[in-house]
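My request is simple: use the sequences and hints to build the entire structure.
Residue numbers (our numbering), protein chains in the order written: chain A, 1 to 277; chain B, 278 to 554; chain C, 555 to 1142; chain D, 1143 to 1730.
Don't read these hints as lab results, they were simulated from the structure. Certain hints may be false.
Listed below are the simulated DSS-like cross-link pairs for lysine-lysine, each with C-alpha atoms no more than 25 Å apart in a straight line [what the hints assert, rightly or not]:
| hint | chain 1 | residue 1 | chain 2 | residue 2 |
| --- | --- | --- | --- | --- |
| 1 | D | K1322 | A | K126 |
| 2 | B | K317 | B | K279 |
| 3 | B | K415 | C | K734 |
| 4 | C | K650 | D | K1238 |
| 5 | C | K645 | C | K669 |
| 6 | D | K1598 | C | K1010 |
The model shown is predicted, which means the values in this text are computed figures rather than measured ones.
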Amino acid sequence: MKAKDLRTELQPVWCTGCGDFGVLKGLTQALADLEVAPEKLAVISGIGCSSRLPGYVKAYSFNTIHGRALPIATGLKTARPELTTVVVGGDGDGFSIGLGHLPHAIRRDVNLTYVVMDNGIYGLTKGQASPTTELESKRSRGLGGSDEQPLNPVLLVLSSGCGFVARTHAGNMPHMREMFRQAIEYPGFSFVHVLAGCVTYQPRGYSDQLLQRSYELPQEYDTTDAGAAINAVRDGRFALGVIYRRPLGAAAVAAGATEDEDWTPPDAVLKQDLPTE
Amino acid sequence: MKAKDLRTELQPVWCTGCGDFGVLKGLTQALADLEVAPEKLAVISGIGCSSRLPGYVKAYSFNTIHGRALPIATGLKTARPELTTVVVGGDGDGFSIGLGHLPHAIRRDVNLTYVVMDNGIYGLTKGQASPTTELESKRSRGLGGSDEQPLNPVLLVLSSGCGFVARTHAGNMPHMREMFRQAIEYPGFSFVHVLAGCVTYQPRGYSDQLLQRSYELPQEYDTTDAGAAINAVRDGRFALGVIYRRPLGAAAVAAGATEDEDWTPPDAVLKQDLPTE
Amino acid sequence: METRTEVLPANAAPETPMRSLVIAIAGSGGDGVALIGDLLLKMAAHQGLYGMLVQSYGPQIRGGESAVVLRIGDREICYEGDDTDVLVCFKVSDLKRFRGSVHLHDDSLLVLEEKDEGVLPDWLGATKRPVFRHPFATFDGGVEVAGEPKNMMALALVCRALGWPESLAQQALAERFSHKPALVERNMPTFRKAFNLENVPAITKLIGHGVPLVVETGNEAVARGAMAAGLRFFAGYPITPSSEVMETLIDELPAVGGRIVQAEDEISALGMVVGASFGGVPSMTATSGPGLSLMTEMMGLSSMAEIPTVIVDCQRAGPATGMPSRTEQSDLYHAIYGGHGDFPRAVLGVFDVVHARDVMFRAFELAENYQLPVLVLSDAYVAQRRQIRDGVTDRRDKPRRWRWTPEDGPARFQLSGDHPVNAFRVPGTPGGTYMAAGIEHTEDGNPTADAGMHQKMSEKRFAKLEGIADDTRTWARTLGKADATRGIVAWGSSYGMLREWVAGNPEYRVFLPEILHPFPLEAFEEWRKGLAETTTVELSFQGQFHRYLCSLTDMTAVRSIARSGGLPMSMRELGSLLAAPAAKKEKA
Amino acid sequence: METRTEVLPANAAPETPMRSLVIAIAGSGGDGVALIGDLLLKMAAHQGLYGMLVQSYGPQIRGGESAVVLRIGDREICYEGDDTDVLVCFKVSDLKRFRGSVHLHDDSLLVLEEKDEGVLPDWLGATKRPVFRHPFATFDGGVEVAGEPKNMMALALVCRALGWPESLAQQALAERFSHKPALVERNMPTFRKAFNLENVPAITKLIGHGVPLVVETGNEAVARGAMAAGLRFFAGYPITPSSEVMETLIDELPAVGGRIVQAEDEISALGMVVGASFGGVPSMTATSGPGLSLMTEMMGLSSMAEIPTVIVDCQRAGPATGMPSRTEQSDLYHAIYGGHGDFPRAVLGVFDVVHARDVMFRAFELAENYQLPVLVLSDAYVAQRRQIRDGVTDRRDKPRRWRWTPEDGPARFQLSGDHPVNAFRVPGTPGGTYMAAGIEHTEDGNPTADAGMHQKMSEKRFAKLEGIADDTRTWARTLGKADATRGIVAWGSSYGMLREWVAGNPEYRVFLPEILHPFPLEAFEEWRKGLAETTTVELSFQGQFHRYLCSLTDMTAVRSIARSGGLPMSMRELGSLLAAPAAKKEKA
Ligand SMILES: Cc1ncc(C[n+]2csc(CCOP(=O)(O)OP(=O)(O)O)c2C)c(N)n1
Ligand SMILES: Cc1ncc(C[n+]2csc(CCOP(=O)(O)OP(=O)(O)O)c2C)c(N)n1
Ligand code: SF4
Ligand code: SF4
Ligand SMILES: [Mg+2]
Ligand SMILES: [Mg+2]
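Next comes the structure, spelled out in structure tokens:
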């Protein structure tokens, strides 16, 4: 199976040089590597430049509304677990309006792969600040939120207990392909953070600057060590590669409220007589 | 100034034994300690048993709608920064429907104090599972989400870059009072996680069990060490006390996307000619 | 499942009047009055008696006031009655929140706490029967202390007054606490002591047909009706007064292979439903007003992307948070008109618990056949009541979505079909891949910003409403004699009260649409021929139903009785409003 | 700020006709056609000419097709005209997306790429003038390569044709690129080369009044109008076609001491506005349909808790995501009826850029005076256009909220006042503490579930609508001669086209409400006296405006012209629809 077997006839309407082209290619390559037949594949997105991607993949695709791709994909995958379900979108879609759904999707650990093309900007609506736009950039461009610290989405995702977390760069095709493949194979909720450039609303050279701030995690990095993962994403640089993969049966990173053996069930009789307000 | 100077005449309609009584007392004590005059105080909540609290505090209070206390308080505090603004609510209100607002409120670092009375259940609507209800409890009681891992809200809040994070127990009045006082004094967004019992929808002894799983952070614990804070909230027990207090001028915990000196401003001329889709 | 048109032919012999009893029990939260109500209803159902029970609470979850009103009778009951035949009250001061729900008549039996010297409120009315006093509470030095369970005593006294045997109560208790038989045994002595008192007054004995019947709440009926219609995916977020739809499905849906998710909010809940239904699985959510408001944008997506969804809205009172446990009929505007842009949806109304099952079938039928969102408007009054009903056998002809095969052609949203609905492409079907979208799209599902295509697609989508209007032209219920000259138009849970109203006021007849949008206008116009006077009746301050009808047809000289909700409308109130000379002031 | 009623007295002398020119430029994204349009408009404004510019794009952000249509004239312009006087097109194939926006007439000047052999589409119409061809593009072996900027050439040709001096262009460029003077200098040779060509045809020269005028977009006017009315807090979330409201305020609000937050979503945006206004600060948000849908529940809170808010909705086409950059008038239902429960709100409509400032003043006036949500319906057609307008001086009598002092009494939500609005308790005021709530409440603001109180509070809240209706009975604009016998009822951005329609068709007169809800019904009834024929005109597939009127008054025999949006309606289209024999089929 070839990547192009998973492409529709539609020509992407992204700007020439947009990072999303690479993601489309990497994703279809990974899916082809995994021999996912179009009819067994669902690609779900919200709204944004990046969210146009499902239109270019031959699949049961759904270009939904802004910020709601995860709930919709959760419903689909829960009702039809046999479908390979990939959710794609942008940083605005996923980390601003859609942020509230992310920790919950992770908690449910539905076997979805969520790919965020993070270009640090709202591309489709013409360059407003997104939750990952850097402070300096907001200030110098007079964007809204010039005092708001950017989010660290990978740290948030790890802290929500995500079982598979990886980061890649839209300019590095083999790396992307590999990350997507592993994420899709992972039998639970998987998250891939893609550093993507926006040639139109980010400064010239933005994508290269992202790359300069990135480094590949070394061979000896232990992807099963949650503590190490958290440290790896807190140092202001972009670690690339599989950042965390939960070993089978291990507790979630968000292990704050573990099960308690001493737990006693409530008194069912009392409950019956209570009002519903 | 006395705590009761900050109480309205309304009698709380909470069940006898509800943990929220203690929070009301601790909060008014802390506010009285800080000599906050009623007219300079705003207490904002969403909907839930816990969200009834503003009705019992003499202040410019606002019992809003479910899950939206943070945005409303953000608007108020931004427009009227001279008001001491306290946001209160439950785990359902804050960590389920309202979760999407929390990291953003933290990013903005508006000087609010957010107190969550976490009783691990939806009290007002009659005992459905909340995001912090434990797995075992959901399973044995046939609640929804019996495969969903509970959230670790304190870890999430830390990972979002919150500058002041504390935890306390609704049964420990002096501790609560102290935590609330410090949180309100902190000049930025502060978060207090209150372990609170629900005598009606949690099993008998639930509140004590929370206490048994808790421990006070030792004297030598360094509240300015973000890494330590993250470790302190990942061990399945409940660390009580100030978990993190960002030193003046330090970078946020969520330091994944720091400012980059090499950043170059975008080409403003190009932007002018682009379509608005 | 047939449209049940309860027309009494003009010259029909008068029916034998229904025999029924209204029993009200008021107490504090800890008194367990709800349990008494439940058990009495169960016992009635056992004997083949009908009945219904409504509950009311103060604001506290526990420790506040609480009351039940139940009515038991030998005919199907969906109105709790105006006058209380038996009132048991543990503390007179608890009564105050139940103004409007209890009224005494001359022959009412009043059962009070022996030592309670509280004064009965005026609005309660008065009985000529002597008050029966009983020592429910235990006192220690004038202060009430925990004693024997009051509710067991009250249960015993009511059973005894009704002439029901102890064994019936014992059985009901055993069933209710099957997991705690010791608890029942512990409490039976208290029951017996009161049951065996000498001086308990007797009240009318009701005799059922002997075939045991089923007790069901409106929310349970909605949940089960949906399952029977093919529901296999549910997502919801708790909200009063709808939560029991989800709770029932958590218990019952997995057994038929369905899946259920408690979502993080209502946007997500409807989102999951849209996703599951995109996957080909009949799906639903249930909520109340605040949740429905949050679902607005997603409802538009369901319609735009032509994905069937069923949305149950158990209406409560007021905007914002309002009065969560109270009933109202004020989400009608939102159901019909809510949401940006032009998109079709259908709206159905629920009459009572029995109808709730039927209406769910109809909802799935429309959603699956027409691939759009269908809203079912229930309300707190139907949702929370317990009603005794006949057993049901599920229909076999479940709604079925038209599934795409390659013969159905290449375009998902084909415009040229003879029918505005296209075959649905169920994921997994080879060759059927396409993109569904909330963006305006071409026949193939590709995004477009072409004004002409937008117009054509709007035509196609709205043509569904014409199809639905055609299919549903008889989806209305009429009550009363065909030659009655006074007409009442109402909807939803007003049904129960109006059914009894026309029985007692034969000069009236009633029209109740089952489908509110598209409205069965022809049936309505046909029905209103020959009326000398017409009134709309609803629980909405703005008169949403009335104004909606104004936009559809000539409503000159039709009077509007519209008030805020809170309490359902009683026959007493309706009577006085209809008798009032001036029509309610119209609001613009 | 007065209601500008453009009534031509029956016997008025005919006005001298407006002289105007329509110029259309079509290219690909990189061609910079928007810049040409901008500069031409600026140059017109400099000379005291009026004009307006609309833009249209393909789906790509960059690299897609792009076109501008601008019209320049010696009278205020708020309609871009039907026929194109000058069409510049760099590539004929780019024209295809602009069907409906450009039409040639006999004397149109057509400027095309010298080497382009593309065939002009039929729908474009034809001109009798010879086509002017110019070598815009640079080719290398038959393939187009980057060359000199096409837009500078086109600008030069149009200036030359118009007879405008080079210095005017130079000045406009210098202003536009004040931060990059070198860029201008680099490009002037290209300009001059084309400007100095011998054979450029001349077109009508327009002469302005010489007083420089202002260019403003609808969104800028909304932002500035709000500031002038007292806005001091704004929160919003980006969405086409409203984002520039926020962007303008980011630049301009801080200077007057206001604060602004870019929220994480629209629920939060309106939430922040509610919070800021609870704090006593005049506050607003702006959005488009999808955002408005998300704000539904919060809108109810604003009304229930009696907190003034202003919500600007720049309508776009379709439900869900629809067609984001296209115009439509289909959020009217949602604005008037959206949201669960019964709650009052007011709804205003925007006619054009000039009116946008006025209407914002009115919006704040109503919100602050009546303490409820006020929706302002703009649309993509108004929001995104650039219009030349006269200068404005801000009014001094800004709306002011009635601030509570102890004399105003102890209850925030007092029912007994002679007025449904109570003094607003601004936080910080000693003695004024209270609780605002989305829960139904007593006069003191304490939660209640009492049906009687709910009814009384609903009465109080809805009495505001009566007050508003009273204050706004003249908030409508009429066009045309009072004795015209054909009537058109429309709203919002249809204004511009209809203003010219009645000028050319004196048998018509037009009614346009500025306030849509509560509707100025008396003014409407008065206006429609003596009409032989009436038609409603709107861009909504369902005919939302028409059906809304049906719910308010007798609309028998009133015809509805209602279609989906996408493109605004032109006079040409209106003419043919009015001439069509059969009325559009009514939809239920
Ligand atoms: C409810 C709603 N709010 C706002 C929008 C407008 N909108 C469309 S895409 C977008 C953000 C796009 O940013 P991102 O998700 O980062 O995608 P990108 O274009 O950068 O790939 C916004 C705000 C919308 N469509 N719906
Ligand atoms: C939009 C909306 N959805 C749902 C509800 C119903 N609701 C009210 S409170 C609540 C949860 C309460 O849980 P929590 O916040 O933990 O408060 P607690 O009662 O436990 O203190 C829910 C689901 C609502 N009022 N509004
Ligand atoms: S605007 Fe940015 S994100 Fe959007 S298509 Fe262009 S380059 Fe890509
Ligand atoms: S139900 Fe639980 S949380 Fe609510 S008042 Fe009672 S004890 Fe407190
Ligand atoms: Mg982005
Ligand atoms: Mg809780």
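How the hints compare with the structure:
A threshold of 25 Å between alpha carbons decides the hint, and for D:K1322 with A:K126 the separation of about 22 Å falls inside it, so the pair holds. Of the supplied pair hints, the one linking B:K317 and B:K279 holds, its CA atoms being roughly 16 Å apart against a limit of 25 Å. Restraint check: the Cα-Cα separation between B:K415 and C:K734 comes to about 21 Å, which is no more than 25 Å; the hinted pair holds. For the suggested pair C:K650 and D:K1238, the alpha carbons sit about 73 Å apart, so the restraint of at most 25 Å is broken.
A hinted pair counts as satisfied when its Cα atoms are at most 25 Å apart, and C:K645 with C:K669 qualifies at roughly 9 Å. Between D:K1598 and C:K1010 the CA atoms are separated by roughly 47 Å; this puts the pair beyond 25 Å, and the hint is violated.
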